[in-house]
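K.L.:
As a plain string of letters, each chain reads:
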Amino acid sequence: MSNIDPSKATIDRVTRELLEKALQDGVETIWHRFSSQEPQCGFGLLGICCRHCLIGPCRIDPFGEGASRGSCGVDSDTIVARGLLRHVCAGASSYTDLTMELLDYAYAVVEGKCKDLTIADRARLEELAKLLDIDTQGKDDIKLAAEVVEEVSRDMGSVTRSRIFERNVPSEIREVFTGLGLKFRGVLREIVESLHKTHEGVSTDPEDLLIHSLKIGLYALWVSAYLAYALQDVLSGTPSPRKGPMGPRAISEDYVNIVVRIAKRPLLKKLVEIAKSKEMEQEAINVNALGVNVLVPANFMMSEVVLSTGMVELFVVDYLCTMQGIVDACKRYHTKLVTTSHIGKVRGAEHVEVTPENMSEALKKIVKMAIENFKNRKEEKMFTPRTPPEQAMIGWSVEALRSYLKGSLEPLANALRDGTIRGIAIVFGCTTPKVVHNYGHVEVTRGLIKNNILVLGTGCWNVAAGLAGLLKPEARQLAGEGLSKFCAEYNIPPCLSFGGCADNARIMRLLVELSEILKIPFNKMPIVASAPEPMAEEIIALMFGMAASGVVVHSGVRLPILGSKFVKEWLEEKLDKLTGGKLFIEVEPSRAVKVLSEAVEEKRRRLGWS
Amino acid sequence: MSRPIVMFDVSRCVGCRSCEIACAVEHSTSKDLFSAIYERPSPRPRIRVYKVDDLNVPITCRHCDDAPCVAVCPTGAMYRDESGYVLHNPSRCIGCRLCTLVCPIAHPRLIPELRVVIKCDICIDRVRSGRRPACVEACPTGALMFITETELARERLREKIVKALLER
Numbered sequence: 004m005s006n007i008d009p010s011k012a013t014i015d016r017v018t019r020e021l022l023e024k025a026l027q028d029g030v031e032t033i034w035h036r037f038s039s040q041e042p043q044c045g046f047g048l049l050g051i052c053c054r055h056c057l058i059g060p061c062r063i064d065p066f067g068e069g070a071s072r073g074s075c076g077v078d079s080d081t082i083v084a085r086g087l088l089r090h091v092c093a094g095a096s097s098y099t100d101l102t103m104e105l106l107d108y109a110y111a112v113v114e115g116k117c118k119d120l121t122i123a124d125r126a127r128l129e130e131l132a133k134l135l136d137i138d139t140q141g142k143d144d145i146k147l148a149a150e151v152v153e154e155v156s157r158d159m160g161s162v163t164r165s166r167i168f169e170r171n172v173p174s175e176i177r178e179v180f181t182g183l184g185l186k187f188r189g190v191l192r193e194i195v196e197s198l199h200k201t202h203e204g205v206s207t208d209p210e211d212l213l214i215h216s217l218k219i220g221l222y223a224l225w226v227s228a229y230l231a232y233a234l235q236d237v238l239s240g241t242p243s244p245r246k247g248p249m250g251p252r253a254i255s256e257d258y259v260n261i262v263v264r265i266a267k268r269p270l271l272k273k274l275v276e277i278a279k280s281k282e283m284e285q286e287a288i289n290v291n292a293l294g295v296n297v298l299v300p301a302n303f304m305m306s307e308v309v310l311s312t313g314m315v316e317l318f319v320v321d322y323l324c325t326m327q328g329i330v331d332a333c334k335r336y337h338t339k340l341v342t343t344s345h346i347g348k349v350r351g352a353e354h355v356e357v358t359p360e361n362m363s364e365a366l367k368k369i370v371k372m373a374i375e376n377f378k379n380r381k382e383e384k385m386f387t388p389r390t391p392p393e394q395a396m397i398g399w400s401v402e403a404l405r406s407y408l409k410g411s412l413e414p415l416a417n418a419l420r421d422g423t424i425r426g427i428a429i430v431f432g433c434t435t436p437k438v439v440h441n442y443g444h445v446e447v448t449r450g451l452i453k454n455n456i457l458v459l460g461t462g463c464w465n466v467a468a469g470l471a472g473l474l475k476p477e478a479r480q481l482a483g484e485g486l487s488k489f490c491a492e493y494n495i496p497p498c499l500s501f502g503g504c505a506d507n508a509r510i511m512r513l514l515v516e517l518s519e520i521l522k523i524p525f526n527k528m529p530i531v532a533s534a535p536e537p538m539a540e541e542i543i544a545l546m547f548g549m550a551a552s553g554v555v556v557h558s559g560v561r562l563p564i565l566g567s568k569f570v571k572e573w574l575e576e577k578l579d580k581l582t583g584g585k586l587f588i589e590v591e592p593s594r595a596v597k598v599l600s601e602a603v604e605e606k607r608r609r610l611g612w613s
Numbered sequence: 141m142s143r144p145i146v147m148f149d150v151s152r153c154v155g156c157r158s159c160e161i162a163c164a165v166e167h168s169t170s171k172d173l174f175s176a177i178y179e180r181p182s183p184r185p186r187i188r189v190y191k192v193d194d195l196n197v198p199i200t201c202r203h204c205d206d207a208p209c210v211a212v213c214p215t216g217a218m219y220r221d222e223s224g225y226v227l228h229n230p231s232r233c234i235g236c237r238l239c240t241l242v243c244p245i246a247h248p249r250l251i252p253e254l255r256v257v258i259k260c261d262i263c264i265d266r267v268r269s270g271r272r273p274a275c276v277e278a279c280p281t282g283a284l285m286f287i288t289e290t291e292l293a294r295e296r297l298r299e300k301i302v303k304a305l306l307e308r
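Residue numbers (the working numbering), protein chains in the order written: chain A, 4 to 613; chain B, 141 to 308.
Mixed in with the good hints there might be a few duds.
Unchecked claim - Derived DSBU-like pairs: lysine-lysine, alpha-carbon spacing no greater than 35 Å straight-line:
1. B:Lys191 x A:Lys437
2. A:Lys334 x B:Lys303
3. A:Lys11 x A:Lys348
4. A:Lys378 x A:Lys368
5. B:Lys171 x A:Lys597
6. A:Lys272 x A:Lys186
Quick caveat, the hints were computed from the structure, so don't treat them as lab data.
Please work from the sequences and hints to get the whole structure.
P.N.:
Okay, structure coming up:
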């Protein structure tokens with residue numbers, strides 16, 4: 004195995020300790036496997052390898068000497084744009100499929116087949132009903148929910164129009180795309196149509212392919228991710244922030260520990276409820292533990308090394324970016340990996356299918372597996388990092404922020420207008436061996452709050468920001484004067500943790516409300532976004548969705564587009580003229596902060612705000 | 141003279157042309173893929189992968205012991221360095237292509253806009269600092285090796301012995 008230097012792999016001290024321990028225990032990590040992939044294929048990195056038909060693979064010579072066209076005649080611009088659209092479609096599909104699995108749960112609730120969930124959030128249900136022109140008067144929760152799920156299904160599958168798209172996407176953005184001659188049908192038709200476009204011999208116009216990447220990005224963000232969070236709220240309530248220990252230090256020696264990567268919040272909530280039940284607590288006590296903990300202590304890159312605590316009884320996943328390598332890491336310890344959805348099957352894991360009908364029964368079985376496995380812990384493999392635990396406030400929502408701001412978002416809108424807060428940044432996305440773990444997230448976040456830009460974040464960013472102490476109210480000391488003052492007044496952190504990747508749509512709702520209060524078009528708002536360490540196609544889809552919505556978006560990892568000057572310049576320059584958005588690549592976080600901060604100031608100048 | 145050169149195993153070459161990319165980047169000004177593709181004149185690979193019947197053959201300079209290119213070069217641009225590698229000094233090159241003519245694999249090639257030939261320099265700076273040539277480092281399957289003929293012979297023999305033992 005190649006040599007991995009923990010001090011160069013991650014900036015986080017706990018992860019460093021865990022990686023050192025994992026190395027001692029002979030665990031092969033993603034860092035090892037990535038280094039054996041290097042140097043990576045230049046054609047692939049530049050996006051100029053086309054494998055979409057059986058004539059290929061065709062490659063363009065980036066140095067201009069060999070082939071300048073694929074066998075069918077397309078050049079690097081088409082190959083890059085076509086490859087991108089496939090990435091975006093795959094990313095959008097993941098949110099869309101999550102939504103459809105949530106619909107299974109919602110259908111089961113209204114049909115009385117799911118005894119474990121109820122309609123937990125009437126307000127969110129009514130919001131969905133209003134969006135779909137459903138009258139809410141005099142209907143009980145179940146009756147209204149039945150109509151809503153039916154209309155949501157119809158909208159997603161419609162071959163003629165999507166009301167959800169029409170009503171969620173800000174009108175000024177929609178008009179830009181209508182002006183380009185586009186129609187907005189159900190999300191399923193749109194994804195299928197764009198995949199069709201990327202088929203051999205269909206669309207070879209790079210501009211058409213790019214416009215469709217933007218369109219599918221809009222669907223991912225404003226339709227599928229929106230429905231995913233809204234349905235999760237309906238089934239398990241709107242989140243509000245709670246304070247607690249962040250990261251692997253939450254793993255306690257005295258408890259049975261279940262580490263999860265679960266996308267469906269209703270399922271996660273039920274799992275916690277069962278783990279904390281009197282019955283399970285008693286079973287835990289019977290095996291000499293104090294109880295059962297369900298934890299989300301790790302972001303993607305940490306999912307193997309977190310096992311080197313030797314105190315994780317069970318790793319439970321549905322399909323939230325679960326890397327295959329976890330299976331081998333589990334074998335070094337007593338940990339068992341359990342998959343719960345037919346969508347995400349992992350070779351070498353145990354599968355317990357959780358369905359709306361068997362929810363509590365299946366989850367109880369899983370918790371019992373963990374309790375049973377407690378006795379298999381090996382004393383000599385147990386390890387508690389020396390780094391003290393860090394506190395974090397997680398689980399913000401529009402509703403929670405409104406109540407922290409004393410009942411209205413107006414104070415935030417006013418602070419934006421008068422310049423106390425210069426702008427708002429969405430920081431989101433994964434972690435990757437291509438960036439020093441957490442370095443991109445933390446540097447970008449720190450840089451932005453220092454420049455008085457409020458950060459709203461999701462996904463793997465949560466753990467990165469939390470471990471760096473950025474998710475607690477005291478972090479305002481790291482913010483610029485204006486932002487710090489605002490945070491002190493309302494006792495909020497300068498970085499608000501908004502949940503999983505689908506919750507980026509929740510952030511969009513907040514920004515829409517702010518633009519309505521300020522009475523300025525959405526794409527003119529001083530909003531920027533950054534994915535400092537992206538790897539998943541979902542995040543590529545969201546980057547396109549945000550850029551299409553007029554947001555200046557940063558990627559800290561090179562997208563496979565640099566083999567086409569046309570595509571790179573189109574996303575940096577032409578897009579600005581089209582929607583006011585932009586998608587740019589910058590691998591050095593400090594330079595990214597500079598560009599993002601300048602973009603905020605530029606948007607303010609265009610608004611005439613000082 | 142026993143010096144390591146770029147040896148290859150055609151049975152392992154998958155034709156990905158990663159060696160070509162790595163070679164061009166190594167001979168660019170920036171030495172960074174994402175900048176190198178925008179450099180003018182474009183950096184060019186020395187190594188090339190040829191399709192010969194059903195085989196992929198990565199060909200580069202053999203750094204011959206009795207190098208005809210060195211013998212015929214009228215200006216002394218082509219020379220042998222102290223460690224035995226055949227190197228080329230572009231400032232002396234007049235682009236006459238005699239080297240190309242006499243090379244059995246026609247390896248040195250003229251770059252019209254530069255008006256000089258280019259050839260494999262065995263990544264001499266890397267090799268002097270103890271690293272392997274860029275093409276060898278980039279090869280994902282181990283088809284390219286930076287070894288001496290003695291080491292190659294030993295490797296072949298070892299493979300044969302292992303194979304014979306396994307067949308018994």
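K.L.:
Name the hints, by number, that the structure is in violation of.
P.N.:
6
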